[in-house]
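Protein chains in written order, with the UniProt record's numbering: chain V, 1 to 414; chain U, 1 to 304; chain W, 1 to 298.
Don't read these hints as lab results, they were simulated from the structure. No residue lacks a Cβ here, since even glycine has one placed at the ideal position from N, Cα and C. Heads up, a few of these hints could be off.
Stated by the list, open to error - Quick partial rundown of chain V residues pointing at chain W, CB under 8 Å, derived from the structure:
1) G54
2) V58
3) D67
4) V98
5) R104
6) P378
7) A389
8) A393
9) K394
What the hints assert, rightly or not - In silico DSBU-like cross-links for lysine-lysine, where the CA-CA straight-line distance does not exceed 35 Å:
10) W:K54 - U:K197
11) U:K197 - V:K160
12) U:K266 - V:K231
13) V:K216 - W:K54
14) U:K245 - W:K54
15) V:K228 - V:K177
16) V:K329 - V:K160
17) W:K205 - U:K291
18) V:K112 - U:K245
19) V:K116 - V:K329
20) V:K358 - V:K177
21) V:K308 - U:K245
22) U:K245 - V:K259
23) U:K266 - V:K358
24) V:K357 - V:K116
25) U:K291 - V:K314
26) V:K357 - V:K152
27) W:K232 - V:K394
28) V:K282 - U:K245
29) U:K197 - W:K232
30) V:K160 - V:K216
31) W:K205 - W:K194
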Amino acid sequence: MRYRSVTAMLAASAAALAFAGSAGATDLEVTHWWTSGGEAAAVAELAKAFDATGNHWVDGAIAGSGDTARPIMVSRITGGDPMGATQFNHGRQAEELVEAGLMRNLDAVAAKENWKGVINPPSLLEGCMLDGHVYCVPVNIHAWQWLWLSNKAFADAGVKVPTNWNEFVAAAPALEKAGITPLALGKQGWQEGGLFNNLLLAIGGKDLYLKVYQDKDAEAAGGAEMAKVFKAADDARKMAKNSNVQDWNQATNLVITGKAGGQSMGDWAQGEFQVAGQVAGKDYSCLVGLGMPNATITTGGDSFYFPKLADEAKSKAQEELASVMLSPKTQVAFNLKKGSMPVRGDVDLTTANDCMKKGLEVLKAGNVIKSTDELISPDTNTQFNDLMAEFFAKQDMSVEDAQKRFADIIGSAD
Amino acid sequence: MSVATADTTSAADGPRGRKPRRTLSRRNIILYGTLFVVAVYYLLPLYVMVVTSLKGMPEIRLGHIFAPPVEITFQPWVKAWAEACTGLNCDGLSRGFWNSVRITVPSVILSIAIASVNGYALANWRFKGAEVFFTILIVGAFIPYQVMLYPIVIILREIGLYGTLTGLVLVHSIFGMPILTLLFRNYFASLPEELFKAARVDGAGFWGIYLRIMLPMSLPIFVVAVIIQITGIWNDFLFGVVYTKPDLYPMTVQLNNIVNSVQGVKEYNVNMAATLLTGLVPLLVYFVSGKLFVRGIAAGAVKG
Amino acid sequence: MRSQSERPNPLFRNLNAKIASIPMVLTALVVFVGGTAWTVLYSFTNSKLLPRWKFVGLDQYERLWSTPRWLVSIENLFIYGALSLVFSFVIGFLLAAMLDRKIRFEDTFRTIFLYPFALSFIVTGLVWQWLLNPDFGVQHVVRSLGWESFTFNPLYDRELVIYGILIAALWQGTGLIMCLMLAGLRSIDEDIWKAARVDGIPVWKTYLFIVIPMLRPVFVTTLVIIASAIVKVYDLVVAQTGGGPGHASEVPAKYVYDYMFLGQNLGQGFAASTMMLLSVVIVIVPWAYLEFGRRGRR
Numbered sequence: 001m002r003y004r005s006v007t008a009m010l011a012a013s014a015a016a017l018a019f020a021g022s023a024g025a026t027d028l029e030v031t032h033w034w035t036s037g038g039e040a041a042a043v044a045e046l047a048k049a050f051d052a053t054g055n056h057w058v059d060g061a062i063a064g065s066g067d068t069a070r071p072i073m074v075s076r077i078t079g080g081d082p083m084g085a086t087q088f089n090h091g092r093q094a095e096e097l098v099e100a101g102l103m104r105n106l107d108a109v110a111a112k113e114n115w116k117g118v119i120n121p122p123s124l125l126e127g128c129m130l131d132g133h134v135y136c137v138p139v140n141i142h143a144w145q146w147l148w149l150s151n152k153a154f155a156d157a158g159v160k161v162p163t164n165w166n167e168f169v170a171a172a173p174a175l176e177k178a179g180i181t182p183l184a185l186g187k188q189g190w191q192e193g194g195l196f197n198n199l200l201l202a203i204g205g206k207d208l209y210l211k212v213y214q215d216k217d218a219e220a221a222g223g224a225e226m227a228k229v230f231k232a233a234d235d236a237r238k239m240a241k242n243s244n245v246q247d248w249n250q251a252t253n254l255v256i257t258g259k260a261g262g263q264s265m266g267d268w269a270q271g272e273f274q275v276a277g278q279v280a281g282k283d284y285s286c287l288v289g290l291g292m293p294n295a296t297i298t299t300g301g302d303s304f305y306f307p308k309l310a311d312e313a314k315s316k317a318q319e320e321l322a323s324v325m326l327s328p329k330t331q332v333a334f335n336l337k338k339g340s341m342p343v344r345g346d347v348d349l350t351t352a353n354d355c356m357k358k359g360l361e362v363l364k365a366g367n368v369i370k371s372t373d374e375l376i377s378p379d380t381n382t383q384f385n386d387l388m389a390e391f392f393a394k395q396d397m398s399v400e401d402a403q404k405r406f407a408d409i410i411g412s413a414d
Numbered sequence: 001m002s003v004a005t006a007d008t009t010s011a012a013d014g015p016r017g018r019k020p021r022r023t024l025s026r027r028n029i030i031l032y033g034t035l036f037v038v039a040v041y042y043l044l045p046l047y048v049m050v051v052t053s054l055k056g057m058p059e060i061r062l063g064h065i066f067a068p069p070v071e072i073t074f075q076p077w078v079k080a081w082a083e084a085c086t087g088l089n090c091d092g093l094s095r096g097f098w099n100s101v102r103i104t105v106p107s108v109i110l111s112i113a114i115a116s117v118n119g120y121a122l123a124n125w126r127f128k129g130a131e132v133f134f135t136i137l138i139v140g141a142f143i144p145y146q147v148m149l150y151p152i153v154i155i156l157r158e159i160g161l162y163g164t165l166t167g168l169v170l171v172h173s174i175f176g177m178p179i180l181t182l183l184f185r186n187y188f189a190s191l192p193e194e195l196f197k198a199a200r201v202d203g204a205g206f207w208g209i210y211l212r213i214m215l216p217m218s219l220p221i222f223v224v225a226v227i228i229q230i231t232g233i234w235n236d237f238l239f240g241v242v243y244t245k246p247d248l249y250p251m252t253v254q255l256n257n258i259v260n261s262v263q264g265v266k267e268y269n270v271n272m273a274a275t276l277l278t279g280l281v282p283l284l285v286y287f288v289s290g291k292l293f294v295r296g297i298a299a300g301a302v303k304g
Numbered sequence: 001m002r003s004q005s006e007r008p009n010p011l012f013r014n015l016n017a018k019i020a021s022i023p024m025v026l027t028a029l030v031v032f033v034g035g036t037a038w039t040v041l042y043s044f045t046n047s048k049l050l051p052r053w054k055f056v057g058l059d060q061y062e063r064l065w066s067t068p069r070w071l072v073s074i075e076n077l078f079i080y081g082a083l084s085l086v087f088s089f090v091i092g093f094l095l096a097a098m099l100d101r102k103i104r105f106e107d108t109f110r111t112i113f114l115y116p117f118a119l120s121f122i123v124t125g126l127v128w129q130w131l132l133n134p135d136f137g138v139q140h141v142v143r144s145l146g147w148e149s150f151t152f153n154p155l156y157d158r159e160l161v162i163y164g165i166l167i168a169a170l171w172q173g174t175g176l177i178m179c180l181m182l183a184g185l186r187s188i189d190e191d192i193w194k195a196a197r198v199d200g201i202p203v204w205k206t207y208l209f210i211v212i213p214m215l216r217p218v219f220v221t222t223l224v225i226i227a228s229a230i231v232k233v234y235d236l237v238v239a240q241t242g243g244g245p246g247h248a249s250e251v252p253a254k255y256v257y258d259y260m261f262l263g264q265n266l267g268q269g270f271a272a273s274t275m276m277l278l279s280v281v282i283v284i285v286p287w288a289y290l291e292f293g294r295r296g297r298r
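Build the full structure now, drawing on both the sequences and the hints.
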């Protein structure tokens, strides 16, 4: 109901502006896959800011975590009937659309508003560039590297809440004895892959992570350092044996209800705790970088791309939208609702909660690294997730076999 | 396989034909008993859906999916129909309802019209090469739709129908064609040949025989075709969303958004209400078609 | 059927039938042959997000056949396919035969068996995922009734998961098969039944030796409908298990989709779909030729 009244208000204000005789409202269709409560509220902030420029945001939301939405978006663009703007994740998802010349470049806006100076970390803008031209607007940062723990579960098991991954593994037997699943894990490849990469960064460290994903070094991927990560993944596999859920939020729910000890999932999981009325520190604990030393976070997230349009007025509206999305005011409003971190270093999020503040500190300290979405192709990522799905489901698949196949995938990665 | 034994036992005595006079015979007990048990299996998920859709979220979190609601609430239905959000548009399934109707009606009519004529031509007016095209069509029935997404985008773009209602109707007719053509062809082929020959002797032509002899005799198969098409097209999500624009999106887009929103709490009650609401139109068609099925028997009696 | 004297030019024989078949011919040639040829061609390229003409020979196929997930998908399709085919046929026919015995409440029963077909596969998967969930579905209910050791957890068991999907698929699809069979049974002349009765042939024999052979065309239709649905099975798996646990319930169509759109590797997806098509063609074309081509012009 709330969103509905927001929309009604928006429509009214848009109408009022049009009446006021501004340059004339241009409709711009924006496609994205943000459809849950919190996400929709965040999108509403973008739409509100855009409508305030005298244009009109036509919403084209398609649910299904991007996997459903992306083929539709790509078809629309290649079918010669593109939308005004569309969401993709940071990284290489839209690479070819840009190369094929289907996206317009935003050099003029970027230069005028000094994107180079304000976007932090700078790697985000680099990810939007091809041959020196800017093709997208990053709007938020979502970090994967979190361990969420249920204080109740550990109290029930009679052990203290762990402060890092190793303590968590050590506490697993006590949890199991109390009938609690130590690790909640949705049985889907992307979640298992995410967990694995979190372990890689927390246990293997930044250098190993880059060697594997940036340099595609098959030797490092098959080496002794990496074997430690696989050992940790093996622990995780055993700890998650009884986690009979699929969706990530069902897994989070196990943590919220104290049926599971913890879950390693991105910062979007925090929204679930909030909706359930839980308080950070009291009901649940959050460990950035899984509580391991030198916590580093990856800078995944969402960007908007703007297909080339013939219509002059719409092209102008596209530039206005790009500019609005990066404005400090929109960044704060949008990211607070979304539960993500802003892409500018110069905005203040005093209202963020404790967990988010931890993340912002890491970001401020510059302990950031590119996400796998930015480093490896979606194809390689899918192969990797496939392997992880198999590894976590087959308790009898040996660590060595898994590592060998991992090295093969990295060796043939692009 | 209790079903099998039940049927053969029941079939062993009592002729088929007029309503049996003994209502409590062994045959009837087994027959109705079996049907009843099977019906329970088919109804169980519906029961769970209905019950869930009438519960509030706190009750659902308890996890007793078979338990009837302690406190009945229609809020999930209201929400699914009029309030659930798709991004910024918070008007629930109602938003796409008319679009679904606008898409389904012409698509069903066109696809069945084309396919029934195809089937008739193939069964009764075979011409050279017809079976080649027909075989291609049958192979076409096995192609996963996703594979054809890009080729169809290209075809529609080239003929200038991309993003239009006409284009979508065309796509539905194309993908409905293999199965429906087969359906009609085989049905027409199973009708007594003498009828066709007699009509030919009377001097009736291609369309005359189709309209005056074949159509009236094929009510049951038309019912099946309508069932297949209404259900398939009404429930279609992929084509509707890929080949049209947001102002033409069918209600399955909203259903998908309600059911598939991966972030945030899953509102199972709203999901189930939305599911049932979306299924109402095909269900209604099934109820109505029941009467037509019975009339199909009458048509069969006439031809004898 | 038109006599030679009426239309001397063979091209104009059955002219109306030919004109009426134009949509079919166009669809067959442009969409199915054209689209398929296009797909096959691009399976020899390394196209990623967009189709690009960059020939790489059989690379995509080599990779395909060395991918464990693809091999599991094929195996699953065979198990699922065989069982689904047999059960759909048997259950569909038995239900139709029972309904055709002039029972009371036929409408009610038919609607009950058919209604699941009104619900999309996505929804079917969701509901059955729920019913089969060990923590609050059937297993939970039976256990809370006192049978503590009762175990029925197909969706999280790698060996059983494909059967869990089968249960849902049969629930959704058998109603339509029943309707098809019923339509077929209704097309059978009442006189045949009368004659059989007069001759004293038992009902089950009448079904087996007279009715079923007469239903051959309907069975062919049913076979194609079931088989094509099996090959294309995708939504149900996605909604019910997402292919898991691990890859235990992966199917070929899902592999195609995932690599085309999720992995943005069109070439790989096309190679997989070409393999699917190839096997369909190998099975279907000879059979279809025998089935549809052999009878002469009527």
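- List of violated hint numbers, smallest to largest: 1, 2, 4, 5, 10, 11, 16, 22, 25, 28, 29 and 30
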